[in-house]
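Protein chains in written order, with the working numbering: chain H, 68 to 157; chain U, 2 to 272.
Honestly, the hints are just simulated from the structure, not real lab data.
C-beta atoms are modelled at their ideal positions from N, C-alpha and C, and glycine is treated no differently.
Be careful, since some hints might not be right.
Stated by the list, open to error - Partner residues aside, some chain U positions facing chain H, computed with beta carbon under 8 Å:
hint	residue
1	Ala39
2	Gly41
3	Val82
4	Leu138
5	Ala212
6	Phe216
7	Ala230
Listed below, chain by chain, are the residues.
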Amino acid sequence: MSSRVRALERIVEVALTAGVAASGLLLVAGLLLGSTTLLWWGVLLLIVTPVVRVVVVTVGLVLDHDWLFAGVSFFVLGVLLSSVYVSGRL
Amino acid sequence: MIAIPTFILIISGATTGLIGALLGLGGGVFLVPLLTLALGVPIRTAIAASLISVIATASASSTINLERGLVNMRLGMTLEVATSLGGLAGGLIAAALTQRQLFLTFGATLALMGVVMALRSGRRNVIADVSVEPGRLGGRLQEGDKAYVYRIRRLPVALTASLVAGAISGLLGLGGGIIKVPVLNAFCGIPIRVAGATSAFMIGVTGAASAFLYFGRGDVAMHLTAAVAVGALPGSLLGARLSQRVEARSLKIIMAVVLLVVGLRMALETL
């Protein structure tokens, strides 16, 4: 495996860890304090974490000039954003 | 719906997250039956809670799988095209189905995958000759002190399975790993551990594609969902760490048995 792929995997790992840790903290705090607002933000952050992961991978691939997989990643990002758009109209 | 104590929900999330991450799944396949059959949660609420929990499990276990080099990111991204489209479609269709139809689809899907897994549990996908070129979507795998190569076969089958997995995910609150892992392993040449890790990597995206829809419709019961997800996070981290210690063939057999039992149980609910 090339060191560039390994570096991108490491960045993705950090992004996922940060998202999981932050949403976990919000959810625990929300449950302990009985705060629906904190729970709402915790759940939303959890759902957004994979989207952030796709953004990180896309940027990494573009910087790496890997246009084929960057295109694939852009497409996935487009589907996720259309889901956000549709959810706002339900 | 009766009020369920928070600690029961946290334990439910932890248990299903642990087993899910152990098998390379999101855990929704166990969580939905547990919430509906054992705890009496309405299926639509259970599906929404499961989707969020599945994202938690997949994201947490992916941090460990990435560290171990088990995730094939290029293959995952390619298949994500199909799973995210399926997830969006499934999330939209789910609103039109009845509770009975959801139960029946769920049960039949699981039982079918259990049979496939049991029939093909003896196959090995790895190539011991490490000089073989893995191709753009294949990879290399280190198991103990042995190195292996694997190549993707039948990519259209993998893409079709991912599309179906995405739709099932949106419909039933699963990550879709229950379809992807058996198909990638049994038909497409991917070793079970890589199939599980790559599937878990994709599951976050598949789950998110439909979770936004459930969130937007107001189907997410905040307290229940949060408690289950809080349990799923540490459970899945432990499951991902334990998975390395279990033999590949044992993983396949455990998965086949679990699929058959849970699938039949869910299908019988509709009678």
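Taking the hints in turn, this is what the structure says about them:
1. Ala39: Because about 21 Å separates U/Ala39 from the closest Cβ in chain H, which is outside the 8 Å limit, the hint is violated.
2. Gly41: Where the cut-off is 8 Å and the nearest Cβ of chain H is about 21 Å from U/Gly41, the hint is violated.
3. Val82: holds (6 Å)
4. Leu138: The hint is violated - U/Leu138 has no Cβ within 8 Å of chain H, the shortest such distance being about 10 Å.
5. Ala212: For U/Ala212, the interface hint holds, since the closest Cβ of chain H sits about 5 Å away, which is under 8 Å.
6. Phe216: holds (6 Å)
7. Ala230: holds (6 Å)
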